[in-house]
Structures are given as structure tokens and as C-alpha cells.
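K.L.:
Here is how the chains run, residue by residue.
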Amino acid sequence: MTKPDMPQAQIVYGEVIYWLCIVAAAICTIGPIISLWYVDNNVLNPHFVFAALWEGQSAQDIWNTAGDGFPGGHFFLQYISTGDGFTQFGVALGSIAALPALFMAGLAYLREKPRNNLYAIMSLWVMLLIAFSAVGILAMK
Amino acid sequence: MNKYLKSPWIEVIIMTVVVILSYIALALISYGSETPAGGTSAWTITAILFGSFIASFCLALVAVIAGIGGGVLFTPVMLAFTAIDSLVIRATGLVVAMFSGLVSTKLFMNTGLGNLKVCIFGATIAGIGALTGATSAIYVAEYMGPAGEGFIRISLGGIILFIAALFFFGGGKIEWPKVEKTGHFAKMANLEQPYLEESLDKVINYKIKNARYFLLAAFGIGLLSGFFGLGGGWALVPAQNLIAGIPLKVSAANSGILLGMIDSIGVWPYLLMGAVIPLFVAPWLVGQVVGGIVGAHILVSIKAGFVRLMLIGIMIFTAYGLVSRGLNILGVIGEIPGHINMAVFLVIMSSVVFSIWKFNKEASLEEEAA
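Sequence order for the protein chains is A and B.
The first sequence maps to residues 1 to 141 in our numbering.
The second sequence maps to residues 1 to 370 in our numbering.
Please keep in mind that the hints were generated in silico from the structure rather than gathered at the bench.
Here the structure is a predicted model, which means the values were calculated and not measured.
Careful: at least some of the hints might be erroneous.
Each computed BS3-like pair below joins lysine-lysine, with the alpha-carbon atoms no more than 27 Å apart [stated by the list, open to error]:
| id | chain 1 | residue 1 | chain 2 | residue 2 |
| --- | --- | --- | --- | --- |
| 1 | A | 3 | B | 6 |
| 2 | B | 3 | A | 3 |
| 3 | A | 3 | B | 202 |
| 4 | B | 207 | A | 113 |
| 5 | A | 113 | B | 181 |
| 6 | A | 3 | B | 207 |
| 7 | B | 181 | A | 3 |
| 8 | A | 3 | B | 178 |
| 9 | B | 178 | B | 209 |
| 10 | B | 187 | A | 3 |
Take these sequences, add in the hints, and give me the full structure.
P.N.:
Right, here's the structure in full:
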């Protein structure tokens with residue numbers, strides 16, 4: 001049985017997401033090694049993180065106990081050379097992977113014949129939701 | 001060319017080698033490391049990281065096959081068996097659910113089992129729900145007592161149990177829903193897309209109905225997903241299957257893709273307030289990526305009934321976890337011992353294994369008769 005052709009937008013979306021996930025996973029594999037190798041080069045001391053976690057401390061208390069307090073939502077940009085900053089960068093990269101993927105899918109919808117404006121606009125809308133959420137504009141706090 | 005030298009196996013092999021090397025490196029670092037007073041030793045940290053990776057890998061296999069997202073298993077299990085703060089667990093659960101969905105996206109997109117138009121359509125509204133849910137969870141954790149959380153968990157447990165019952169009694173009709181005519185709204189949105197069903201060797205040209213009700217459900221699912229850090233696959237599958245009439249396997253694939261999108265919106269409020277602890281999240285994330293790729297390849301070649309049975313079992317256990325935890329928070333019952341939770345899990349999973357065995361037996365009898 002012949003497989004139906006898949007729309008280009010769909011293929012592009014899958015590819016972008018997939019490879020960004022692989023990169024994010026690779027970063028999160030290497031990050032903990034840096035954390036344990038250079039213990040002092042961390043925002044949170046790895047030796048105290050798990051003890052604080054098992055004790056049931058709140059997120060803020062963990063940052064205070066194992067570090068000098070939470071340095072801010074996008075701290076990974078400032079502390080990318082630290083073990084946990086680099087690891088958090090990997091998490092953030094995966095968390096934003098859908099944004100470029102939707103952008104590329106939106107472009108592909110515009111290149112379809114006939115042009116698929118409806119899905120290009122909807123892609124843009126979801127992309128904006130991710131972007132606003134990532135910069136903290138839409139957060140209640 | 002050898003199939004293991006091509007995508008996705010080449011990535012899986014490279015990732016596996018990198019993971020193995022990284023744990024060897026961590027073991028070597030631990031060997032020469034000193035533990036500060038009152039701290040956790042490097043050996044223990046390495047063991048926790050490795051154990052989390054293995055648990056996440058297994059979780060990813062089950063989650064992708066059932067199309068529910070890893071968060072729906074991770075969050076209740078961690079809430080039931082550990083003392084870790086609930087906001088940290090829910091934040092990590094969302095990361096787990098998100099990566100579980102993201103990593104399986106490519107295969108579902110290429111095979112056509114996933115339908116990007118349905119996913120983008122759902123995400124336009126579900127994304128707003130996820131964001132509202134996540135910010136509300138942070139608000140509730142900071143300003144309200146645990147009673148509200150207890151009641152919400154119990155009602156959520158009831159909802160999941162209800163959906164599991166619908167799946168159970170719906171049987172084969174739900175695997176391939178009969179939709180005679182495409183709905184007006186679905187026609188306008190041009191949502192349909194044929195795909196090749198490998199297990200039947202047939203092109204399936206499914207129709208979609210009730211698109212506007214699906215959107216409403218997507219908002220509610222996004223809200224609950226962001227609030228509980230459960231992901232939303234457990235409800236996205238039945239919402240597509242029962243409301244929109246989308247075949248079960250397509251619903252399962254779409255749910256993973258849609259989860260990746262809406263949790264990308266819902267996870268950021270948690271990240272921005274510090275509820276995502278990097279060293280704790282990392283092995284769970286890596287396990288989801290490696291396990292997710294393998295799981296996604298299994299889903300393509302298995303029959304829909306297997307997915308349905310597995311989903312029912314997981315839903316019942318999740319409902320049990322939520323209700324017991326909710327009652328515990330309200331002070332109605334005490335802390336349930338771990339061995340009772342494990343016994344309930346084993347009873348439910350044994351029933352699932354038995355049902356799968358029965359399903360396979362019936363399927364092979366039907367094949368023989370045919």
C-alpha cells in the first residue's frame with residue numbers, strides 16, 4: 001500500500017523539535033558531570049541539593065539552602081559556564097524547541113499551494129504564547 | 001546500509017554511548033570526591049542520577065506507547081512515594097511530560113500517525129489553559145491551604161476513573177470511531193489527513209466531528225495539565241477519540257505532539273520561579289528522550305487494542321493515586337504505606353497483562369479464522 005504524502009509543515013516541525021531535543025538531552029547529560037567535577041562552579045552546591053529535596057523543602061528554600069537564593073528565571077544565561085547553569089540551559093532549550101519548530105511550520109504552510117494562511121496564523125499564535133510565557137510576560141506574578 | 005547506521009538508531013546508539021560514558025565519568029569523579037559535612041556523597045548523587053535515568057527510560061516506553069505523557073505517571077508516583085515538595089514534583093512532571101511528547105513528535109509526523117493541523121488547532125486554546133493552570137498552581141501553593149488541593153485531586157481522580165470506564169466499556173468501537181459526516185467547523189478548519197495504518201496495511205481516511213467541543217475540552221485539559229504538572233495526554237486521547245471521533249492510535253500520537261506544544265507554554269512559569277531544580281530534572285529529561293525515541297518506534301507497529309488496555313490500567317492507577325493522596329491531604333485517611341500502593345499497582349498491572357494476553361489470543365484466533 002502506498003503511503004500518502006505528508007505536508008511539508010508537518011515534516012519540518014518534527015525535524016526541528018527532534019534535533020533540538022537531542023541537543024537538549026546531550027547538554028543535560030554533560031551538565032551533571034561539570035556539576036560534580038567542579039563543585040564550587042555551581043549556583044546550587046550538588047552535595048546539598050538532594051538532602052534539601054528529600055527533606056521536602058520548598059523550591060525557594062532549596063535555592064537558599066544549597067545556594068545563595070534563586071538568581072532569577074533566566075539565570076542559566078548569566079551562569080552558563082556553571083554546571084547547573086549549563087544543565088538548566090539544556091532544559092530551557094528543550095522547553096522552547098516548539099517555538100522555532102512552529103515558526104518553520106508556519107513558513108511551510110505559507111509556501112503550500114494554495115497558501116494555508118489559517119494554519120500559518122495559528123502557528124504564529126501558539127508561537128507567541130510560548131514566547132510570552134518564556135519571557136514571563138504572561139505570568140501572573 | 002545497515003539500519004543501525006541510519007536515523008533514529010544512530011542517534012539512539014550515540015546517546016546511549018554518551019550516557020554510559022557520562023555515568024562512568026561520574027563514577028570516576030565520585031571516587032576521588034570528598035563529601036562536605038551534612039552533604040550527600042558524590043556516590044549517592046551518581047546513584048540517584050543513574051536510578052532516575054533508568055526509571056525515566058522505562059517510564060518513557062510505557063508513556064509513549066499509551067500516548068499519555070510521562071508526567072501522568074511521574075507526578076502521582078513521586079507525590080505518593082517521596083517527601084519532595086509538590087511544586088518541585090509538578091514542575092519536573094511537566095518537563096517529563098513535555099519531553100515525552102516532544103521526542104516522539106518526529107516519527108509521528110513522518111508516518112502521518114500524527115496530524116499537525118489537529119495539534120496546532122488544539123494548542124491555540126489548550127496553551128492558554130496550560131499557562132493559566134501553571135500560574136494558578138504557583139498562586140495556590142503560595143497563598144491557599146492544602147484543603148483546596150485535596151478536593152481538586154479527588155475530583156481529578158474521579159474524572160480519570162470515569163474516562164477509564166468509558167474506554168473499557170467502549171471496546172472496539174472507540175479504536176475506530178464511526179463518523180459518517182465531517183462536522184461543519186472541522187470542515188472549515190480542514191483538519192483531516194489520511195495516513196497509512198501499518199498494522200492493517202491500509203490507508204485510513206478518517207473524518208472529524210465536534211471540533212468546537214474538542215477545543216473546549218482542550219482548554220480544560222490544558223488548565224488541569226498546567227495546574228497539576230500531569231501533562232494532559234491521559235485526557236487528550238479520550239477527548240480526541242470520544243469527542244472528535246479521531247481513531248485511537250492517531251489520538252495517542254496527536255496527544256504526544258500536542259503535549260509537547262502546550263507544556264512548552266505551561267512549564268515556563270515553573271522555570272521562572274525556580275521550581276525546576278537542574279540536577280534533579282536532568283536525568284529524567286535524558287531518560288525521556290532516549291526512551292521516547294524507542295517507544296515511538298514500538299507504537300507504530302503495535303495494534304490499537306494493546307494501547308487501549310495499557311491506557312486503562314495506567315488511568316486506574318493514576319486515579320487511585322490522586323484520590324488516596326487527596327483524602328490524605330484532607331485528613332480523612334492516614335498516609336498509605338508504600339507496600340499497599342505497590343500491591344494496588346501490581347493488581348492493576350496484572351489485570352492489564354492478563355487482558356493483553358486475552359486480547360492477543362482473541363486476535364490470533366480471529367486471524368486464524370480469517
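K.L.:
Which hint numbers doesn't this structure obey?
P.N.:
Of the numbered hints, all hold.
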